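*Asks:* The listed protein sequences derive, respectively, from chains A and B. Quick note on our numbering: the first sequence kicks off at 481 and runs consecutively. Quick note on our numbering: the second sequence kicks off at 17 and runs consecutively.
Worth flagging that the hints you see were computed from the coordinates, not collected in a lab. For clarity, every value in this text was computed on a predicted model and none was experimentally measured. Each residue gets a CB set at the ideal place from its N, CA and C atoms; glycine is no exception. Some hints here could point you the wrong way.
As the list claims (entries may be wrong) - Computed list of lysine-lysine pairs in DSBU-like fashion (alpha-carbon distance at most 35 Å, straight line):
#1 B:K81 / B:K42
#2 A:K521 / A:K582
#3 B:K42 / A:K582
#4 A:K586 / B:K73
#5 A:K521 / B:K81
Claimed, not checked - Label-pair ranges, simulated between beta-carbon atoms:
#6 A:L533 / B:D78: 28 to 38 Å
#7 B:E46 / A:S532: 33 to 43 Å
#8 A:S555 / B:N90: 21 to 31 Å
What the hints assert, rightly or not - Below, a sample of chain B positions facing chain A; criterion: calculated Cβ distance under 10 Å:
#9 K59
#10 W63
#11 F111
#12 A113
#13 R117
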Amino acid sequence: IQMTQSPSTLSASVGDRVTITCRASQSISTWLAWYQHKPGKAPKLLIYKASSLESGVPSRFSGSGSGTEFTLTISSLQPDDFATYYCQHYNRDSKTFGQGTKVEIK
Amino acid sequence: EEQLVESGGGLVQPGESVTLSCEASKFTFENYAMSWVRQAPGKGLEWVATISGSGDKSDLADSVKGRFTVSRDNSRNTLYLQLNSLRVEDTAIYFCARNWRYYQDFWGQGTLVTVSS
């Protein structure tokens with residue numbers, strides 16, 4: 481199963497609503513996670529099972545979708561949110577990441 | 017606070033071996049499967065290996081199968097990744113991560129392995 485994210489890079493301003501899309505090459509139900517990664521830091525889990533918010537993650541982050549199309553939405557972009565975001569299909573046999581979406585300052 | 021600290025990275029020549037370690041603290045290590053994930057320079061995340069909590073089951077990505085070995089010592093709260101027959105394309109930051117229901121809920125900051133002559 482291949483995971484494809486779009487866009488690869490996104491330029492946005494503080495306060496913007498941001499949406500990142502992740503598409504699977506075949507149906508994966510809701511076995512999808514989203515991670516945030518900043519250079520030199522540990523990646524951070526944001527969302528699991530497509531739409532479940534990890535404990536401690538701000539509510540401005542939300543995930544949706546099932547089957548082959550998924551989205552990560554940041555409702556109001558904050559300075560701390562400039563980072564690269566990855567989707568991941570996971571199950572017992574697969575832990576495939578998308579290629580990443582870099583959110584840059586506009 | 018839970019912690020994962022990787023070590024063992026450095027500069028190695030093609031064909032050589034290196035063993036990475038990941039020391040866990042502030043959680044019950046043996047209760048969790050653990051994974052290694054890498055990031056090559058300028059590239060995205062790539063899953064490398066996963067091992068069960070007891071250490072009796074493991075799985076490796078096709079790109080490293082036959083060259084890398086994942087293991088753990090629950091008495092030392094430590095995860096290992098042995099990298100053999102290293103190639104230039106194995107150059108990456110290697111992260112260890114705790115698994116929860118097949119996804120990775122907590123990560124270390126990584127250790128850099130550079131394969132170059």
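*Asks:* Work down the list of hints and note, for each, if the structure agrees.
*Replies:* Right, here's what the structure says about each hint:
no.: 1; hint: B:K81 / B:K42; result: 31 Å, holds
no.: 2; hint: A:K521 / A:K582; result: 15 Å, holds
no.: 3; hint: B:K42 / A:K582; result: 32 Å, holds
no.: 4; hint: A:K586 / B:K73; result: 46 Å, violated
no.: 5; hint: A:K521 / B:K81; result: 27 Å, holds
no.: 6; hint: A:L533 / B:D78: 28 to 38 Å; result: 33 Å, holds
no.: 7; hint: B:E46 / A:S532: 33 to 43 Å; result: 26 Å, violated
no.: 8; hint: A:S555 / B:N90: 21 to 31 Å; result: 42 Å, violated
no.: 9; hint: K59; result: 8 Å, holds
no.: 10; hint: W63; result: 4 Å, holds
no.: 11; hint: F111; result: 7 Å, holds
no.: 12; hint: A113; result: 8 Å, holds
no.: 13; hint: R117; result: 8 Å, holds
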